[in-house]
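J.: The residues making up each chain are set out below.
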Amino acid sequence: MQQLDQIFVTLKAWALGHVPEPLQVPASIVMSIAPIMLVFPGIFALTTVAERKLLGRIQNRLGPNRVGPFGFLQWAADGLKTITKEDVVPRNADKVVHFLAPVVLLVSALLAYSVIPFGRNMYAIDIDAGILFFFAVGAGTELAVFMAGWSSRNKYALLGAMRAIAQMISYELPLLLAALAVVMATGSLNPNDMVAAQEGGRGWGAIVPNWFVFTPWGFVGCILFLIAAAAESNRSPFDLPEAESEIIAGYFVEYSGMKFATFFLAEYLGLFVISSMCVVLFLGGWHAPFPFFWCDWIPSWAWFLSKLACIVLLYIWMRGTLPRLRIDQLMNFAWKFMLPMALINLVVVAVWKYTRPWDYFGAELVRWLLCVGLLALPYLLLGRNLLSNRKWGPRTYRYAS
Amino acid sequence: MTLETWLVFSAALFCVGLCGALIRRNAIIVLLSIELMLNAANLNFIIFWRYGVNADAASGVMMVIFSIGIAAAEAAVGLALVIAVYRHFKTVNLDRIDSMKG
Amino acid sequence: MDAPFLIAAVLTLLSAIAAISLRNVVHCALCLTLTFLGLATLYLQLGAQFVGLTQIVVNVGAVAIVIVFAILLTRSSDNPGESRFNKGAIWAGLICAAVFATLVVAINTSYVSMKSGAPAPPLTVEKIGHELMGRYVLPLEAIALLLTAALIGAVIIAMKESNEKGGGQ
Amino acid sequence: MSEATQTLWLIPTLPLLAAGALALKPRDNRGAAKALSIGSMALALLLSVRALLESLNLQGDHGVAREFFNFVWLSFGAGEAGVLKLGFVLDPLTAVMLVMVTFVGLLIFIFSVGYMERDANFKQFFCFLSLFAAAMLGLIVSNSLLLLFICWELVGVASYLLIGFWFHKPEAAAAAKKAFITTRIGDMGFLLGMVWLYAETGTLLFYDGGAGCLEQGAIAALVAKSAAGGIAVSTCIALLIFCGAAGKSGQLPLHVWLPDAMEGPTPVSALIHAATMVAAGVFLVARMFPVFAAVPPGAEGGAAALTIVTWVGATTAVFAALIAVAQNDIKRILAYSTVSQLGYMMLGIGVGGVAVGMFHLIMHAFFKALLFLGAGSVIHGCHEEQDIRRMGGIKDHMPWTFYTYAIGMLCLTGLPFLVGFVSKDEILVSALHGNTGSLVSLLPFLMGLFGAVLTSFYMFRQVFYAFFGTYRGEASQAPHESPKIMIVPLVALAAALVFFSLPKVDPWGWFSGFLEGGHQHEIPTGHIALVIFLSVVAFLVGASLAYRLYFKRGIGSADAPDALEERFPEAFATLAGRFHVDELYEASVIRANAWLARMADLLDRKVWNGITQFVTQVAVMFAWFARLFDEYVINQGFDFGCRRVNDGGRVATKPQSGAIQSYLRVIGISLAVGVLLLTWGCSGS
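Protein chains in written order, with the numbering used here: chain A, 1 to 401; chain B, 402 to 503; chain C, 504 to 672; chain D, 673 to 1357.
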């Protein structure tokens, strides 16, 4: 089983052995990057088809069913089509920025993968401040969105870009704070340390894994993280920036052909990487869920990918189920619910850590009850506040006028 | 890599920022140039931490961390001021914003 | 002088010069972002990993966006027929050159540059955290206060007049 | 000194306090006004009666009983000569005046409560009345000419306020002014006489244990000196003081204010004309009688001052009576009657001494107050109608008023054996007795007799007009009897008069004995009988004439001409026009005054103005030079300095361009320079 688990690491070491000494560093870099750049676009291709099929199922229709068996080769057809399409650039567009925008988006999405541990000993770089790197790279996304929206010289594009930036900035705070809870719990910014901290299990026969999602704060943090991640990657129900029915696909309205495909790809890569981060932070990374023997037979990267697949399917499910939010609901939700909850979650983490040394009988139960109470009460209050029926005045449009 | 090279580089960056603050009409660009100068100063802190006599002390890094925080605050307030000025004067052209002239 | 430094330094300087000289203000802001990125790589080269990443998060993720927003809010003031440089631009350039020259002279004659200590040991995030919570806890609190004040102040300054019109988010 | 003398000052003080308290009360405080003023007056009456009894007690064998109480008012120098003393005196004159004034005054106060019931300024009226009473009482009790003068002027002020009480009527305001100014002319003489007296005697106290100005030493000193023209100083002073008395008492040249003063409320008329103010002049003459009567040793004939008083009095008596014949206003008739009776009083003092004049004064006060109050009642009952032609037949409507009025009228006309007959008779007797045989010296007596005829005539005329016949006013507004509070004073006064007229009482005998200290004039019985006969004849003549003219014939309508007017239209017009004295004054005094004013104006304009103009021109010239200096030296210099400072400021503001980048440039330069200096400094060391 060990061989299967470490097959990619072994392969890389073996391949490096055949490379001349001076080229070993660049070769190592290439060999770390290349699988990421191959595997995840592949997953993207599969996901597009899967999403369309699933949405079709949810909406009681068939979805793509012409290319390949049950339409499963649809991705190839789409890819070929976009590559061969004409690249239309508006005459007034800022050509350079217009070109750079999808590139920057793609690069920043890809860069984020470098700190994710996909399996035991499987990571591109191991830096101290991995989480910080992850978010720093994510900052490029907003810039890219702005570049796309601004350079198109299109009203809808700019509107969409502004919406997207406002939304991203708003949801970046709960996202960061939710991640910070894990940072506080593990005392490290390194994703590898976080994964390591979630090894093993608890309870009778260690049946409950030590994943952070199975703690009060972790559960709340995970939910917050998933919601914020959906907003960050402009997924439904937070897809206002590219609302087709309102602003005809938002900031990439003026993109066509391969550039449009690049945007599409970058968006999905962003979704994958942020879901991967969620797996790392809350779902035990590449660890197997149960201490059963057969679980060790399955390689760690397989566990990771299956967890990732679960989250992606969850997002697809959400997209098929939930309607789009209004912009004021979106903002209120971010600032009046997500942010306070995330901050309270940090306090709960502190309480959780502080009460760890308790070892009298029933201490664990008290600890749980305390933390659940500390989270449930604000949840009820904030939720009630958010749902309270308030009158909305006529809106004034400041940016679009 | 010597200390002088780094210092000359940061001095050059600083002077570019200074130049921008001196020659441009747009208040936002001036603010942007000031950011540049601040970053040049930050770079100097890091350089001296790295090549300094007492490298063990983390004071240079600390200073930069605080400096970045302050720079962020400065940018926010500065740009808010620019927006307020724009609302008042209907321009961000610094040559026209001279009502404090003697 | 090694290649990464050269590449990053040249990129940084060139983008900085572009940031202050381009006509299009949005381009200037984007070039500034590039400068920030270049500076971040230089910090990384200098071994200040945390600072470099913070630089990206704060300056690229926040300051650049704020600047862009400000540009868009003051967009209509652009006057295409007007020079982007002000009246004393030549004098200003000379002054900048003089400042640069004096700085270079000062650097080269300074005795500080004659000696150089040992390269600093790598600074872990943990150590920075301990320093921040230990020796530097007071400045940290002060910074927190400053940021809060700046946040409120910026909102108030920018919202002041829009309040009369009914206000927005 | 008796206690009554020591507390004499309380009598004027009580009404004064009432007046002061009323002045501070709220405007609509009628109860307090009534209670305070009437109460203070009643207390004053009680004190006065006590003083009279005290004075009677003191009456001894040696002449007139007199007590005085002096005090230092202010001191302006060293020793006895450097102090000014005021004082109070209690003698028979004071005592009878006090009782008369307080009694009549009290009744008038009570009458006023009813008469002024509807007036908005009720409280104010009583305040003024109290002030008037206080001043009058102060005048009576004072032992100093100065204090007397102060009160005299206060009386003037109070009468001004009261006559002009209905100041919203222009006539009332004018009458008040007229009264005040006319009496002021007389007061001028009074003041001069007082100052002269002080200069001669060094004191103004009447009685001061031998040092007073009315006592033997002072009188002797006064008669010993003679002023220009060989007239004794005493005579001059007496005549000057008589000016004041004539002004107050409405003697001939200065009588014009008195009829006009009828514009005031009727109780005021009663108070001023009957009891008090007009009596003040007579009282003054009586008080100063020793000065008037002083005769220089070796001079032949009587006292010159008294002779003038006699003539003035007699002339006034006839003159005013003539005017009264032709008046139609019920109050105006009474007013001229008063002037006429005052002439009698002066005549009495002039020929018969203090007792004769004062007796008529006191009696006149009673019946004239009764008449005025009766007239007030009539006016009140006839709805503020004052014209007798529009009355008539009201004796049936107002019986109480009529009968009391009749008693007063009969006293005034001198129905034999009523008290008015006695007092007038005494004056005529004295006048007849005083003649020296010549026709001229007999003239005052004859004038007095003629006046009596006229008095009888005009009073009967008035009564026939007003009370008999048929009512000639508007039929819808029949007259009505006045309220009880107005009737009671009438009845009281009438009762007093009837009491005095009882044969057993013999007021004259008692009065003359009391006032003169037992010293009686010896008058031949033949004179007395003649005068009584003539008086009765005079009364009958006047009454029968009036009866024939006004009662027998009856009066047709309100607008029908007077019976006399039909016969002697021109003479009647002259009389109705009051001998055109007012017009005469208008033509002479006022015209002269206006001419003088014009001359003064011319003097001002031409002479003084010229001088002032010259001085002004000089000043303007200096100012012009100063202006030149200011403008060309100081101003320009200052402007120059300012301009230089301004220029400096402009230069200094040049760098302050407002463009921040220019400041930034300076900072850049200084940075470069600073770094260079630092570098050189370091390398140099």
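Don't take each hint at face value.
Said to hold, decoys possible - So, partial list: chain A residues that the calculated Cβ filter (under 10 Å) puts toward chain C:
| id | residue |
| --- | --- |
| 1 | 135 |
| 2 | 369 |
| 3 | 372 |
What the hints assert, rightly or not - For each label pair, taking beta carbons as the anchor points, the in silico distance ranges come out as:
| id | chain 1 | residue 1 | chain 2 | residue 2 | range |
| --- | --- | --- | --- | --- | --- |
| 4 | A | 223 | C | 585 | 40 to 48 Å |
| 5 | D | 1350 | A | 21 | 48 to 56 Å |
| 6 | A | 35 | C | 645 | 58 to 66 Å |
In case anyone wonders, no lab produced these hints; they're calculated from the structure. All C-beta atoms, glycine included, are put in the ideal place defined by N, C-alpha and C.
J.: Hint residue 135(A) vs chain C: min CB-CB distance below 10 Å?
T.: Since chain C brings a Cβ to about 6 Å from residue 135(A), closer than 10 Å, the hint holds.
J.: Indicate whether the distance between the beta carbons of residue 223(A) and residue 585(C) respects the range 40 to 48 Å.
T.: With a Cβ separation near 53 Å, residue 223(A) and residue 585(C) fall outside 40 to 48 Å, so the hint is violated.
J.: Does the closest beta carbon of chain C sit nearer than 10 Å to the beta carbon of residue 372(A)?
T.: Violated: closest Cβ of chain C sits about 28 Å from residue 372(A), beyond 10 Å.
J.: Tell me if the beta carbons of residue 1350(D) and residue 21(A) are separated by a distance inside 48 to 56 Å.
T.: Because 50 Å falls inside the window, the suggested range holds.
J.: Let's test the interface hint: is any C-beta of chain C closer than 10 Å to that of residue 369(A)?
T.: violated, 30 Å
J.: Can you tell me whether the CB distance of residue 35(A) to residue 645(C) sits inside 58 to 66 Å?
T.: With a Cβ separation near 47 Å, residue 35(A) and residue 645(C) fall outside 58 to 66 Å, so the hint is violated.
Hints 2, 3, 4, 6 from the list above are not met by this structure, while the remaining hints are.
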